[in-house]
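Each number in this note's numbering corresponds to the 1-based position in the sequence shown with 441 added.
These are calculated hints, taken from the structure and not from any lab test.
Ideal Cβ placement from N, Cα and C applies to all residues, glycine included.
A couple of the hints might just be wrong.
[Stated by the list, open to error] Pair ranges (Cβ atoms, derived):
id, residue 1, residue 2, range
1, E742, P1032, 24 to 34 Å
2, L700, K842, 36 to 46 Å
3, N990, T853, 33 to 43 Å
4, P892, S782, 37 to 47 Å
5, A461, G781, 38 to 48 Å
6, A570, S782, 20 to 30 Å
7, A628, S1047, 26 to 36 Å
8, Q703, A461, 27 to 37 Å
9, T901, V847, 27 to 37 Å
10, N990, S890, 45 to 55 Å
11, Q703, V1064, 36 to 46 Å
12, D533, I1056, 56 to 66 Å
13, S916, K476, 45 to 55 Å
[What the hints assert, rightly or not] With a Cα cut of at most 30 Å, we get these calculated DSBU-like pairs of lysine-lysine:
id, residue 1, residue 2
14, K547, K483
15, K966, K1061
16, K846, K864
17, K859, K966
18, K813, K793
19, K987, K1054
20, K842, K878
21, K798, K475
22, K962, K1054
23, K987, K943
24, K798, K872
25, K813, K856
26, K846, K872
27, K856, K679
28, K581, K565
29, K565, K476
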Amino acid sequence: MSIESEEIYDVFLSHSHSDAEFVEELAKQLEDRKKLNVWLDKWILVPGEPWQQGMACGLNHAKSCVVCISEQASMGWFKEEIERALNRQTADTSFRVIPVLLPSAKDFNVGDFLGLRTWVDFRKGIDDAEAFHRLVSGIKGVAPLRGSQGEATPESPYDQIRTCKTTPSTLPGYPTRLREFVTENRADELTQHITYLQNHHILFISGMGGIGKTTLALALVETRPANVPLPFWFDFAKRPSATLGDVLEQLAGYMNAPLIAQFKEEGREAGQNDINRLIDELRKRDFLWVIFDNLETDLNENMNFHDPGIDSLFTSLRDSSHQAKIIITSRTLPVLADGGSLIDILEDKKHKLGGLKAYFAVDYLVKNGLDKVEQSQLEELASSVDGHPLALKLLIGLVKKFGVKVIIKDLTMFKRHKESTIKIARRLFDKLAGDEKELLERMSVFRQSEPIEAIENMFTATTSVDAIEKLMDKSLLENDRDGNFWLHPLVREFAYDDLENKKEVHEIAMQYYISIPLSEKPSSKEDFQPLLEAHYHACRAEDYNKALNIIMDNNIHEDLDRWGNSRTLIDLYLDLLPKDHFNDTSLLDNPQSQGVVLGNLGLAYSNLGQVEKAIEYYQKALVIGKRR
């Protein structure tokens, strides 16, 4: 067959020539028993044609690569094949690289990077049925059945459920250049976390804002074992005020398990029984990863979850036996309602992420435009911010704008005053934002990514026509292919802290959301999301009467009640009450409106089964009603 062939192969077999006999027998079994289309050099390469080009072409036209490892596995062209395969996986996450241990292999023959993947162990010989089944599963990209060698048909619906495919979550953007950098420069952390997950089911990645927790989680996804499908990903920062029902509904869709979201069909709030259904599904499946990003955004000032249902979810994930791996990123560790910790202090540990090591921090600066700066100056820049990734990103823009000597002088002064890394990052942000800082501050009121129309609503008479382009050039504004824009959580925090006329800007945001057309036939909470955002901004603008009207005039309360969204209703009503719900002066002009809010709160708590709270709010509402 010509090396220019465009035929697609299920698997490319990469091996040392000393293992050719074993590998050819393996290839025969894959083709004869499983009807897989195998690329094997002995079968494909044409004598007399350039073999290097042929092998590169074969690897490029394969869906997966099996790396056959023995004592001779790290020599010559074979090593280059491995590197080429790993580079392709970096650019194409659907391409699987599967290490296979041959009879002569030892654990130390596996390189550090291949060691991040689940091995298929043929050290017992070519006739190892379990190893063969696991290999076929890896090539096909499906999870193997627990305890099965793949030759028998599943005997029960329980077994069949285990093989159900997932519907991939939408993962955050992960540009190829960033992917390559993180995979190389966070190799130690990746190895540590993958190893940790082999014996634990909760991995908690903590660290200060902007340190790279989300990016590290994405890198973990890239280096996950071959038999693990794309994970479930839920970003609390992009789902403000998310409830248990919101999380379970997303999980039900990901797992193709509608029973998990049965509460929606029944028109009630999600509860412990629904969490139990999720746990049951997780027990039926192997090799699922569930990632919760930016968990701190769902916590209140006491580090408790704002929704007791989500507290129950994480308590159950902690205490139940299941095969899923739960990966959490958060600045802080939540405090659960039972007084316990999300991770067992004796068994698990919090993995605190630090800045990039000095060499990698310098490498990052060089690869992002500071290649003309002297080595000693690069080292000083990197050490001044302790390798903090976001601070390094800001430094690049500042050095390009003001010059390295000016910035080093500023950093020296910050260090002299013993300022923390976060405070230094804050000062770098202030300097880099420049004339566009006002727009950044006004944009910071948005809780989620928004289209250009929303951003333009925040323009003032002094906003330059190229302000958005300038902010993107400075890496202060993020965007995606759909034309949506957002701020990095730490940049948003810095900008909002400096926003002086918060009420006025929230009022503008409220008007923008009110202007968005709604679905003619709303059928879920998501159809009301613009109005929920409008309500949020009305409350931050202290226009509480308007916030109440947004609920009542659009019958949001009736629909949310009918759909079982009691927790969301509670959040909406609590925003309309003073700190002391029963004794402080009402935030609403009409006392009767206060009574309506208290009465509806009582109804919502009653729907959740919180009888004592419901009675408390009902009674206060009755007292107000008698004052007519």
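Against the structure, the hints come out as follows:
1. Checked against the given bound of 24 to 34 Å, the beta carbons of E742 and P1032, roughly 30 Å apart, stay inside it.
2. One distance hint, 36 to 46 Å for the beta-carbon pair L700 and K842, is violated here, with the actual separation near 56 Å.
3. At roughly 55 Å, the beta-carbon separation of N990 and T853 lies outside the given 33 to 43 Å, and the hint is violated.
4. For the hinted restraint 37 to 47 Å between P892 and S782, the CB-CB distance of approximately 40 Å keeps it satisfied.
5. Hint check: A461 to G781, Cβ distance near 56 Å, so the stated range 38 to 48 Å is violated.
6. At roughly 43 Å, the beta-carbon separation of A570 and S782 lies outside the given 20 to 30 Å, and the hint is violated.
7. At roughly 54 Å, the beta carbons of A628 and S1047 sit outside the given window of 26 to 36 Å.
8. Range check, Q703 to A461: about 55 Å between beta-carbon atoms, so the 27 to 37 Å window is missed.
9. Judged by the Cβ atoms, the range 27 to 37 Å given for T901 and V847 holds: they are separated by roughly 29 Å.
10. Taken as a hint, the range 45 to 55 Å is violated for the pair N990 and S890, whose Cβ atoms sit roughly 27 Å apart.
11. Between Q703 and V1064, the C-beta spacing of about 39 Å keeps the proposed range 36 to 46 Å intact.
12. A C-beta distance of roughly 59 Å is found between D533 and I1056, which places it inside the suggested range of 56 to 66 Å.
13. At roughly 49 Å, the beta-carbon separation of S916 and K476 lies within the given 45 to 55 Å, and the hint holds.
14. Distance restraint check for K547 and K483: the Cα-Cα separation of roughly 26 Å lies within the 30 Å cut-off, and the hinted pair is therefore satisfied.
15. Pair hint K966 plus K1061 holds up; C-alpha atoms about 29 Å apart against a cutoff of 30 Å.
16. Of the supplied pair hints, the one linking K846 and K864 holds, its CA atoms being roughly 20 Å apart against a limit of 30 Å.
17. Only pairs whose Cα atoms come within 30 Å are accepted, and K859 paired with K966 is rejected, the gap being roughly 48 Å.
18. The hinted pair formed by K813 and K793 fails the criterion: a straight-line CA distance of about 33 Å is larger than 30 Å.
19. Using a Cα cut-off of 30 Å, the hinted pair K987 and K1054 holds, with the two alpha carbons roughly 26 Å apart.
20. This hinted pair checks out: K842 and K878 have alpha carbons roughly 16 Å apart, not beyond 30 Å.
21. Between K798 and K475 the CA atoms are separated by roughly 46 Å; this puts the pair beyond 30 Å, and the hint is violated.
22. Distance check on the hinted pair: K962 and K1054 sit about 33 Å apart at the alpha-carbon level, beyond 30 Å; violated.
23. About 17 Å separates the Cα atoms of K987 and K943, which keeps this hinted pair within 30 Å; it holds.
24. For the hint linking K798 to K872, the alpha-carbon distance of about 25 Å falls within 30 Å, and the restraint holds.
25. Restraint check: the Cα-Cα separation between K813 and K856 comes to about 25 Å, which is no more than 30 Å; the hinted pair holds.
26. With a C-alpha separation of about 15 Å, the suggested pair K846 and K872 falls inside the 30 Å cut-off, and the hint holds.
27. Between K856 and K679, the direct Cα distance comes to roughly 34 Å. Violation of the 30 Å bound is thereby established for this hinted pair.
28. Straight-line distance between C-alpha atoms of K581 and K565 comes to about 23 Å, which keeps the hinted pair within the 30 Å bound.
29. Among the hinted pairs, K565 with K476 is consistent with the structure: their alpha-carbon atoms are about 24 Å apart, no more than 30 Å.
Violated hints, listed in ascending order, are 2, 3, 5, 6, 7, 8, 10, 17, 18, 21, 22, 27; each of the other numbered hints is respected by the structure.
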